[in-house]
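From first to last, the protein sequence lines stand for chains A and B.
Here the working numbering is used: the first residue of the first sequence is 52, the next is one more, and so on.
Here the working numbering is used: the first residue of the second sequence is 97, the next is one more, and so on.
Keep in mind the hints are simulated off the structure, nothing from the lab.
Backbone N, C-alpha and C fix where the C-beta goes; we use that ideal spot for every residue, glycine too.
Take these hints with a grain of salt, some might be off.
[As the list claims (entries may be wrong)] If you only want the chain B side, here are some residues facing chain A, beta carbon under 8 Å, derived: (1) 152; (2) 174; (3) 179; (4) 181; (5) 183; (6) 187; (7) 201; (8) 205; (9) 220; (10) 252; (11) 430; (12) 431; (13) 434.
[Claimed, not checked] Using 16 Å as the maximum straight-line C-alpha spacing, the simulated EDC-like pairs for lysine to aspartate or glutamate come out as follows: (14) B:376 / B:311; (15) B:111 / B:318; (16) A:282 / B:203; (17) A:286 / B:203; (18) B:365 / B:375; (19) B:350 / B:203.
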Amino acid sequence: MKQEARNNGLSRSRRSWNNVLSYLRQPAHIILIVFAVFLTLSVLLPLLSLLRDSLTIHIGGEATEYGLSVGSWTFVHWFQLLFNSEYNYSIICFWKPLLNSTLMALVACLVAVGFGGALAWLVTRTNLPFKKFISIVFVFPYIMPSWSIAMFWENFFKNSTVAAAYNQVGMLEAITHITVPEWCVYGFFPCAMCLGIHYAPFAYILIGGVLRNMDANLEEAATILKASRFKILRKITLPIVKPAIVSTILLVFASSISSYTVPAFLNKNGSFATISITMTSLLNQSTTKGMGYALAIVLLLLSVVILAINSYITSRRSSFTTVTGKSGQVSLINLKKKRYVIGTIAVIIVGFFAIVPLFSFAFESLLAIPGSISSFTWYYWITPDQIETRVAGDSCGILRNATIWKAIGGSLLLSTIVALVAGTSGILIGYAVSHKRGSRFANYVSNLAFFPYLIPSLSFGAIYFAISYMNGFSWLHGTMFLLIIVGSIKFLPFASKTGTNAMLQVSGEIEEAAIIEGIPWWKRMVRILFPIQKSSFISGYLLPFTSCMRELTLFVLIAGAGSIITVVLQNFEISGVTQISNGINLIIILIVIGVNLLVNKVTGASIDKGIGG
Amino acid sequence: MPEIVLKNVTKRWKKFVGVDHLNLSIPDRAFITLLGPSGCGKTTTLRMIAGLETPTEGEIWIGGTCVFDSVSGINIPPSKRNVGFLFQNYALWPHMTAYQNIAFGLENLKWKKNDVKARVDELASMLKIEQFLHRYPSELSGGQQQRVAIARTLAPRPQILFMDEPLSNLDAKLRLEMRTELKRLHATTNSTFVYVTHDQLEAMTLATHVCLLKEGVVQQYDSPLKVYAHPSNLFVADFVGSPAMNLIAAENPKLNEDGDVDFSLKDLKMHFVPNNPIEKMPEHLTIGIRPENIRIVAEGKGPVSKIYSSLPSGMETTVRLDLDGTILTSVVFGIIDFPIGGEVPLNFFGKGILAFDSTTGRLIGEGVLKI
Numbered sequence: 052m053k054q055e056a057r058n059n060g061l062s063r064s065r066r067s068w069n070n071v072l073s074y075l076r077q078p079a080h081i082i083l084i085v086f087a088v089f090l091t092l093s094v095l096l097p098l099l100s101l102l103r104d105s106l107t108i109h110i111g112g113e114a115t116e117y118g119l120s121v122g123s124w125t126f127v128h129w130f131q132l133l134f135n136s137e138y139n140y141s142i143i144c145f146w147k148p149l150l151n152s153t154l155m156a157l158v159a160c161l162v163a164v165g166f167g168g169a170l171a172w173l174v175t176r177t178n179l180p181f182k183k184f185i186s187i188v189f190v191f192p193y194i195m196p197s198w199s200i201a202m203f204w205e206n207f208f209k210n211s212t213v214a215a216a217y218n219q220v221g222m223l224e225a226i227t228h229i230t231v232p233e234w235c236v237y238g239f240f241p242c243a244m245c246l247g248i249h250y251a252p253f254a255y256i257l258i259g260g261v262l263r264n265m266d267a268n269l270e271e272a273a274t275i276l277k278a279s280r281f282k283i284l285r286k287i288t289l290p291i292v293k294p295a296i297v298s299t300i301l302l303v304f305a306s307s308i309s310s311y312t313v314p315a316f317l318n319k320n321g322s323f324a325t326i327s328i329t330m331t332s333l334l335n336q337s338t339t340k341g342m343g344y345a346l347a348i349v350l351l352l353l354s355v356v357i358l359a360i361n362s363y364i365t366s367r368r369s370s371f372t373t374v375t376g377k378s379g380q381v382s383l384i385n386l387k388k389k390r391y392v393i394g395t396i397a398v399i400i401v402g403f404f405a406i407v408p409l410f411s412f413a414f415e416s417l418l419a420i421p422g423s424i425s426s427f428t429w430y431y432w433i434t435p436d437q438i439e440t441r442v443a444g445d446s447c448g449i450l451r452n453a454t455i456w457k458a459i460g461g462s463l464l465l466s467t468i469v470a471l472v473a474g475t476s477g478i479l480i481g482y483a484v485s486h487k488r489g490s491r492f493a494n495y496v497s498n499l500a501f502f503p504y505l506i507p508s509l510s511f512g513a514i515y516f517a518i519s520y521m522n523g524f525s526w527l528h529g530t531m532f533l534l535i536i537v538g539s540i541k542f543l544p545f546a547s548k549t550g551t552n553a554m555l556q557v558s559g560e561i562e563e564a565a566i567i568e569g570i571p572w573w574k575r576m577v578r579i580l581f582p583i584q585k586s587s588f589i590s591g592y593l594l595p596f597t598s599c600m601r602e603l604t605l606f607v608l609i610a611g612a613g614s615i616i617t618v619v620l621q622n623f624e625i626s627g628v629t630q631i632s633n634g635i636n637l638i639i640i641l642i643v644i645g646v647n648l649l650v651n652k653v654t655g656a657s658i659d660k661g662i663g664g
Numbered sequence: 097m098p099e100i101v102l103k104n105v106t107k108r109w110k111k112f113v114g115v116d117h118l119n120l121s122i123p124d125r126a127f128i129t130l131l132g133p134s135g136c137g138k139t140t141t142l143r144m145i146a147g148l149e150t151p152t153e154g155e156i157w158i159g160g161t162c163v164f165d166s167v168s169g170i171n172i173p174p175s176k177r178n179v180g181f182l183f184q185n186y187a188l189w190p191h192m193t194a195y196q197n198i199a200f201g202l203e204n205l206k207w208k209k210n211d212v213k214a215r216v217d218e219l220a221s222m223l224k225i226e227q228f229l230h231r232y233p234s235e236l237s238g239g240q241q242q243r244v245a246i247a248r249t250l251a252p253r254p255q256i257l258f259m260d261e262p263l264s265n266l267d268a269k270l271r272l273e274m275r276t277e278l279k280r281l282h283a284t285t286n287s288t289f290v291y292v293t294h295d296q297l298e299a300m301t302l303a304t305h306v307c308l309l310k311e312g313v314v315q316q317y318d319s320p321l322k323v324y325a326h327p328s329n330l331f332v333a334d335f336v337g338s339p340a341m342n343l344i345a346a347e348n349p350k351l352n353e354d355g356d357v358d359f360s361l362k363d364l365k366m367h368f369v370p371n372n373p374i375e376k377m378p379e380h381l382t383i384g385i386r387p388e389n390i391r392i393v394a395e396g397k398g399p400v401s402k403i404y405s406s407l408p409s410g411m412e413t414t415v416r417l418d419l420d421g422t423i424l425t426s427v428v429f430g431i432i433d434f435p436i437g438g439e440v441p442l443n444f445f446g447k448g449i450l451a452f453d454s455t456t457g458r459l460i461g462e463g464v465l466k467i
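Given only the sequences and the hints, what does the whole structure look like? Please build it.
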């Protein structure tokens, strides 16, 4: 009775206002609302605008080309792209590149999972020697810019018979006088191999994480029941890590198929057109912008389909996310006599792709004539001369080059801000999602935060490239601010995944104990939750920093000529001043690896934790 | 026949000694429990016998065959030792149904399909899991998972069965039920059971022999009732029995001319009459009294104590009594409760009162305690 009287005493609007107030009293709700609005605006709407761009006529040559007025709606871009048989246009611009990209991505997956997975198994399950060295160094290829391996590949294999490499002598020829055929230097094979090697550490981290968390008793139980070692691997270990393997394959596939930098470096002879390369050239021509946008959508749909398959497979009845148990007492498989043989081979392979490239970049930047030791010179590091006038900005020696150092500063600034924004957002989203776990609103935000991962870097760049041309947004064009927005959103997925996982591991009572004591929200975050999961959260900052520092694909369309170092590097590479592009690459890698090792030493955070190991 | 013998088995990790020169002989068809606090080396011992862990030193023999010898370098892999192993967390393969889990070992032995099915069905009906055979482990409750794990372990009819705290993840009621089942299983399977537990009640109730370990060293290896009645040292006395044994420090113990020990407890004069003469009188003495040897008596039949606490459970009541500053635990049978602070006289009964050397912990005599 009393309760009813009190309810009746309040007006209806007053009551709903009270409900709103008590809803907003929870910080988790505020965070969810803010991110829902922000991510809807920055991820969903641009997608719609991309769709619109593929269906309208743009300013430039398109109006005259198709005889339609600017801004009118049309399917002509899609038709041209998919079904124009004149001069095999669609085949050249779409179907052939699609096939090329798909095959390249498939082979890259095989290499990455085979190599990374095998090494993960060796490190977690056997008494392989040199484990520490391997696990530190093997991550390098992933930390390096994605084209580094491609650049190294070129440096290593180019030779006097390959015209597209200006007949320069590479390391292999210089040392052994072996000249490999052109298909080994440029085109499909090297592209697929380089992508595979770049993503092998990614597979190593994901599969190794599952193997490490997998209860060793599961394998021991099979041993006791007289299963052979091979049968255990086939019937027990592999099926249990299968979800991780499938995830790895799909993530690597999604990243490889849209990779731009590797084909851009290893397609100097123009024989190997991929979707990413075709798309860039379509977007850069005034008459084919609409087709470029249509291609970006195709690329995006491919990734979405792949990731939908992923979530279907990992949610089936017999699958499971993490298997944890009492795995303290792992008995390692004894490789016996083969121990040092396998260990040495692993060290050589890992060292070849993780450490030799560094020397190769240093070396290449010091030789006036590639491959010729006698042409050793510090010229490209110290000369005050302008080496190549086609390059925008300064083109004197690296150490004196104001453009380069300004761009390095720009990249550092960009990466730091992006890391702070993405990492902090990741923690906040993690907090809100873990608190409201299961609610539809939380799922929406958490899916939206992962969505940028599905959007290929190039498409994502293309979306914002289009926006920066729109009325009212032209002030964004070519600014650092645009790069910060794009970077922060693109690198949010892993940060929010790390943040959510870390938050889920902290039991609710810990925060509730502080709530009872009346400690304000921000203080709970800073003084209690953050310190508990410090290393995970810092990993959530480290991954965006690393990714951003070495990123080119995402920024290639939207960055101004001298704004960030990767763009400057590409300019020198395109202009043929490979000594300087090698030198710049070395600097980027050293910065990234240095920061990673330093942060790892000081805080215990690491890139593996950021990915989910 | 599968008698298991361990000779001087030692396991070291760097400087940490897990198991120290363990000598143990497990007779055929025994049900022995390895008992001890966590970290005492019991799981390691089990895993070494099964072959999952390699000892640093020593020899292990199973049924007259040497399966491990650090000197000659023999190390037979676990798959060739003909043993079954039940893991603490069951270790069911999450990607296989219950049926596939149980059948896996039989398939490895190249059994015919029909035989496999017959054996799985037989075990399923024995363990009452017929209706769960098509389910995945994640769809089973803890007790069901445990029964599937037992079925999987039993399927190839191992002659020796190792169990690593298999009941610790179950709730109290199910645990009691499974204990009964395991004991019946032992009686019907003719196998040797080696069972690891930290629960002394489990060890007592199940085993034919209890092996009590502490920091990698065997403290006592005897039948459960012997361990209970005649613990070889203070550690065993304190570890076995619930509620725990009363241990009181005797003040100024002296051996008198009759061979009895006189000592005091604050103002009370007591003397301990040993059943057999004490050979060497230690400097410090600890008297051990089981709760059932302390009884509340009629007025005037003993010194008065205060009720410190009373915990009635229905069948019996555990009473803590404050005897002049010393807290003693006693058990009173029947439906009874005592008010805290109330005064009751108590006395000591039975010939099983124990005397230990406080410094070495060794048992030096058993006898009667008089006030």
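Violations among the numbered hints, reported as their numbers in ascending order: Per hint list: 1, 9, 11, 12, 13, 14, 15, 18, 19 violated.
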